[in-house]
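Protein chains: 4
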Amino acid sequence: MTSDTAVRVGWVGCGRMGTAMASRLVLAGHDVSVTNRTRAKAEVLGALGATVVDTPRDLASCDVVFVMVSGNADLVEVVSGTEGLLSDPATAPGIIVDCSTVSSDTSASVRAACTSRGAAFLAAPVSGNPKVVAAGQLTLAVSGTRDAFDTVRPFLEQLGQGVTYVGDDEVARLVKICHNMMLGIVTQAMAEITVLAERGGIKRSAFLEFLNHSVMGSTFTRYKTPAFVNLDFTPTFTPTLLRKDFDLGMAAAYELDVPMPVSALCTEIVKATIGAGYVDQDFAVLLLEAARGAGLTMEPENVAVDDGLSGETR
Amino acid sequence: MTSDTAVRVGWVGCGRMGTAMASRLVLAGHDVSVTNRTRAKAEVLGALGATVVDTPRDLASCDVVFVMVSGNADLVEVVSGTEGLLSDPATAPGIIVDCSTVSSDTSASVRAACTSRGAAFLAAPVSGNPKVVAAGQLTLAVSGTRDAFDTVRPFLEQLGQGVTYVGDDEVARLVKICHNMMLGIVTQAMAEITVLAERGGIKRSAFLEFLNHSVMGSTFTRYKTPAFVNLDFTPTFTPTLLRKDFDLGMAAAYELDVPMPVSALCTEIVKATIGAGYVDQDFAVLLLEAARGAGLTMEPENVAVDDGLSGETR
Amino acid sequence: MTSDTAVRVGWVGCGRMGTAMASRLVLAGHDVSVTNRTRAKAEVLGALGATVVDTPRDLASCDVVFVMVSGNADLVEVVSGTEGLLSDPATAPGIIVDCSTVSSDTSASVRAACTSRGAAFLAAPVSGNPKVVAAGQLTLAVSGTRDAFDTVRPFLEQLGQGVTYVGDDEVARLVKICHNMMLGIVTQAMAEITVLAERGGIKRSAFLEFLNHSVMGSTFTRYKTPAFVNLDFTPTFTPTLLRKDFDLGMAAAYELDVPMPVSALCTEIVKATIGAGYVDQDFAVLLLEAARGAGLTMEPENVAVDDGLSGETR
Amino acid sequence: MTSDTAVRVGWVGCGRMGTAMASRLVLAGHDVSVTNRTRAKAEVLGALGATVVDTPRDLASCDVVFVMVSGNADLVEVVSGTEGLLSDPATAPGIIVDCSTVSSDTSASVRAACTSRGAAFLAAPVSGNPKVVAAGQLTLAVSGTRDAFDTVRPFLEQLGQGVTYVGDDEVARLVKICHNMMLGIVTQAMAEITVLAERGGIKRSAFLEFLNHSVMGSTFTRYKTPAFVNLDFTPTFTPTLLRKDFDLGMAAAYELDVPMPVSALCTEIVKATIGAGYVDQDFAVLLLEAARGAGLTMEPENVAVDDGLSGETR
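Chains as they are written, first to last, in the working numbering: chain F, 631 to 944; chain Z, 631 to 944; chain S, 631 to 944; chain R, 631 to 944.
What you were told as hints is all true, and nothing was included just to trick you.
Copies of the same chain look alike in the list, so a pair counts if it fits in one copy or across any two.
Here are the simulated SDA-like pairs of lysine to any residue, each with C-alpha atoms no more than 20 angstroms apart in a straight line:
#1 Lys874 to Glu885
#2 Lys874 to Tyr884
#3 Lys833 to Asp887
#4 Lys874 to Leu886
#5 Lys761 to Gly645
#6 Lys671 to Asp704
#7 Lys874 to Ser734
#8 Lys761 to Asp937
Honestly, the hints are just simulated from the structure, not real lab data.
Please model the entire structure based on the sequences and the hints provided.
The structure is reproduced here in structure tokens:
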């Protein structure tokens, strides 16, 4: 791949995240072929300049193929299925990069299938939402062989920032889970201290403005701020999805014999939040549960708040 | 104060933090007079261009006086003592801005003393260390009257970034405590997930590089990274000091009837860390306690790690 | 006090607990004089054979006086007030035994007042309710001088079972707080596992019957069982009172530098239960909060359940 | 089974617990045949009057067979193996009662195997140690058909006290796990409050004497008291075994969507205790970890303490 422009790139999966990510490669001028189970969704990228093909098998001759599908079964299907990336006995992609959220076990078995066909496999799970992608702030933890990583790195760096090679095999899966546990813990911490501050007479908007400017401020604390201030819980990530990551994390903590008291407690708090009925809203509803325990009925402050995602730079 | 250059600024307290902060005002060209119990420490600022005076009383005619001392008793002394800022019956400073860490009760009584002499009082506690100050990343939460805040705002913005007016009276004290509780929780979260990642075969340097680039990354996570990677626990903030903030926070949670399960658990973890003998080291030793529970003996990775404080921009 | 029958016993405080306790001494044939702020309440004991007097001062010549009042201020009043036990300059009781729930500080100051008048003072806080008293199952932790304890021991053993001398000064106060923290933790544990069992298809009555028969069964688990099975939350002890004990316990843990993670977490859970509106019911409502988090709407099983308090023997 | 004496009883598994339990049936005069993989261990019961046979197959014609083996694989082997209870095509036991600790899945598959041969299967897991058995205080939770339970009840009541029918199928497995989680939580609670009391100047022996006499006292708190007072951690149940039960419990909590914050925290504390090196000692070492966090070096009090197991009555 001496010249990026000569590289043929494939993309499997044109859901909201997949489309947001793939469009960055298309708009950067790469030669991208895309496919999706429901072809209509792929046409959005076609309109931007991508070539739309029927099935993953049509991408078998690509140099690198990215996969962004919804889970274990779909990954197996698009790689090893009858119309999958490896279904053409004559050829297989050079490198397959999976950005989906799948289990380490599934990842390992798909890797083995790829390896047996001479295709390198990289695990590159992402965390975030389309708005974060659009702001250029998606981060990628990648595991597999170092060589394959070095080859696709230029493309990964166009998908987002902070592309990090974290080791062999499936370890990137664990990195993502760790990251998402921190995301849950930080949200619970924000909920607790925001309620304390409000009970102490401080507006949420003022408190979080301070926090966001302080050394504790992060892209994440900034983009959760509008929900905390104005109580708009349109979901970016639901308690149910967060619980799934905590469950995976606690399962890893069990297998690796790592005590994680705060993570365990947050797992139970998230479970209780779901049990209390918060299923379809954004997981920022942890704030409402914290307020309930304080006997506090929160009202929206109706203040314009910057979510920190307006530009590509912080 | 129509022209900043005409404003006479006083500064009380030339410890490590006070000197780092005051030097920013001096170097910005303001007319600053400084005083410190041990006069020699004040001479450092004198060498930079400040006027060194004997006692706080000598600053009574200043337009604005900043105070950065070590606690309740010292604040009372430098304001209301026999040589204090209010000890000259003929005159008193226009605005006194206290950046020290003191209790809300002490803050309120000093405020009352100031008000009775016609001096406005602003609570502006800071959190951070001299290196953060030097990097221009100190943040300030300020409470008191809005008028006084608007007047001194230009000076505050030279002390650091993210100057936020959070409300009346002493509420900035609570904001700082909330901030520091989050700092402790985030560190414990980092400790738990870093140990999990390491047990899963991921180098701490790789894991934290990813985390710092991700949406969870903050100035704080970046400047704690060298300690986590190379196990250098030279203190910036000790477990004992962190515990003090957690204790204050839990006391506020008690008075305001706010349940804070994760904060409470972290309070106990910090207590246990101290009980186990970690008194003089940086509170990043929470990592070692987390590793102990996982039966893991950590070794320094001896990798050069950016602490994110090298420049004034992130 | 060579012969018990010759001993003149005083009793101050004829609320529900005081009356239940004092009646045991009266019915045992002792010479008991009683007093209460509202004299009518004392008459109940008068009907049983006690002598009703007007004020604590009238008990100054008793050999031993028990006090069972509602808190710090009342204890100070009945001992050191103008009509108090020590208000007669000519004489003072030999031993004063305080069974109330007061702070260690108040206890120490009342002890000093007694000592200065030659009266021994024993701290003998009790935990329980009138039904427990009637079942002969009240337990007493006692602190003060060993001599005084040995003298009054026969009377204490008529008040309940399990009279234990725990040390000097006010330590019995701490013992009671520790006891009550355990009571809260055990209730939360019962709530969690009962909900788990119910979600697993096991009737609460069957599960708790097993638990009560097992090595984990206690007088306490037995007398909480009816509330858990039939959801009758008529209060014996409210979440608010339980929180008070947890708060005192966590304050002691703070002062004595003892990490108590599970106690701290239960403190927050109790706070949240109160914040959610459970103020006037029995603290067994912890079960309902646990059920809420599991998305479980509990129904009374309407099963007759033995509370274990029907006889004086277990 | 109109007359107990006519019933032919089989027993599989003569480890420490099995022998302690079976000996109660033998000594009660029943006609008991026993078998064990290592025949020598079965001879102990032979000496008491039992008939020793070679394999479980030799018990196929018994009316009721008890099984007490060490785990999933052993249960499958002794029931469905080539020399198992069901290996004789001509006959099978009437009722098989399994007292082992096995998973619900294994229990269900063994039940199916029994049912297909016309043998009733009861899950009757026990918790405790041989000393508890000898004191007649073993408790049994039993699940399966009510008929089978009623039939074997007289025998179960000779094995211990508090025999409780808890429902169909495998639910007794969950009951046992719940019970053991409570056992762990109560021990952690005892550890926390005992350390607090000791830091407050109260001897552990005095504190626990009070607790044991109080409404919180249980057979369990009494038999853990010698370890707490004299720091003799000869194992009855190790942290590793306790962790196994907590892990099973948290797995059930995950599947049944039940938040269990205190149980989850205790799970992590037990994991950390193991990680710190406490593997082979009694799980009462939770006390030592609690003391470590308080900076307290505990010394044995060397006081004779009643463990409450000296007689068959409480």
